[in-house]
Amino acid sequence: MWTGDPLLTQPLEAIRNQIAVPSEQVNLFGHSLGGLLAIEWMLRFPDEVNRVVLVDPTEPILPDHRHHPTPRADAIMRQAKRRKAYVELISPVAGIALPLARSLATAAGYVAGKDSWRAYAGVPNTRSWLTDLALSRPKQHAVGELINAGSTSGIETTMLISNSNWDSAFVGQQLKLAKTLQADRVEVVPSHHMFPLTKPHLVQPFL
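If you read the sequence shown in full-length UniProt numbering, its first letter stands for residue 1, the second for the next number, and so on.
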């Protein structure tokens, strides 16, 4: 599960080295940006993976999903740098706004309270968190390129999809991604994006 750890925006090899991949196959569980990482892992290193459970994974950017011409690596990094500059500008305001956002999210039922919000976005430095979020875009493109190139894993994959998200289009994107990955999809009713934290009992049967 993504907890704002900047490691998740680093190359996959760095993450595999950090967690010391065991000799036997692993089961991967990925929520949100962690789900995008799990998809990359199972496509690039399928021999290491036994099964995968994805929960509302961040969507890889496929060519037919893009609203602009396919950027090359240098263009992607220029975009990331612009996003980083924007984050530098807005982070002081965001640092003030996050407590309010937490209160609103709690009231709306997206998170259970302060502890759940901290588990999702409670990094010490708001600027670091927002920067890592912005810089995740190149990984979305990279994983999208893997899928577009025909990479398949044949690995047992289950995808849990929340049905009460902020944007109904998100649910449609999730369903399309599940079909692309040939994943067994399960719509979790009722739930929001944060249900692995607020309702872990809904996830437990699939682990």
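Hints were generated in silico from the structure; no laboratory data involved.
All values reported here derive from a predicted model rather than from experimental measurement.
Errors might be hidden in some of the hints.
[Claimed, not checked] Just the calculated beta-carbon pair ranges, DEER-fashion:
1. ALA149 <-> GLN204: 22 to 28 Å
2. GLN10 <-> SER151: 16 to 22 Å
3. ASN17 <-> ALA169: 33 to 39 Å
4. PHE170 <-> LYS199: 16 to 22 Å
5. ALA14 <-> GLU187: 33 to 39 Å
6. GLU24 <-> GLY172: 21 to 27 Å
7. LEU146 <-> LEU175: 19 to 25 Å
8. LEU146 <-> VAL189: 20 to 26 Å
9. GLN18 <-> ARG51: 18 to 24 Å
10. GLU145 <-> ASP47: 18 to 24 Å
11. ALA149 <-> PRO190: 25 to 31 Å
We put the CB at the ideal spot given by N, CA and C, even for glycine.
Is it true that GLU24 and GLY172 lie within 21 to 27 Å of each other by Cβ? Roughly 37 Å apart at Cβ, these two residues miss the hinted range, so it is violated.
Does the Cβ pair GLN18, ARG51 satisfy 18 to 24 Å? holds (22 Å)
Measuring from beta carbon to beta carbon, are LEU146 and LEU175 in 19 to 25 Å? holds (20 Å)
Given the hint of 20 to 26 Å, check if LEU146 and VAL189 actually sit that far apart at their C-beta atoms. violated (31 Å)
For the pair ASN17 and ALA169, does the Cβ-Cβ distance stay inside 33 to 39 Å? holds (36 Å)
Hint says 22 to 28 Å; check whether the CB-CB distance for ALA149 and GLN204 agrees. violated (35 Å)
Has the hinted range 16 to 22 Å been met by the Cβ atoms of PHE170 and LYS199? holds (18 Å)
Per the hint of 33 to 39 Å, is the separation of the Cβ atoms of ALA14 and GLU187 within bounds? Holds - the Cβ-Cβ distance for ALA14 and GLU187, about 34 Å, lies within 33 to 39 Å.
Satisfaction of the hinted span 16 to 22 Å by the C-beta atoms belonging to GLN10 and SER151: Since GLN10 and SER151 have Cβ atoms about 20 Å apart, the given range 16 to 22 Å holds.
Given the range 18 to 24 Å, decide if the beta-carbon distance of GLU145 to ASP47 lies inside it. holds (21 Å)
Just tell me: holds or violated, for the beta carbon distance of ALA149 and PRO190 against 25 to 31 Å? violated (37 Å)
Hint violations for this structure: numbers 1, 6, 8, 11, all remaining hints satisfied.
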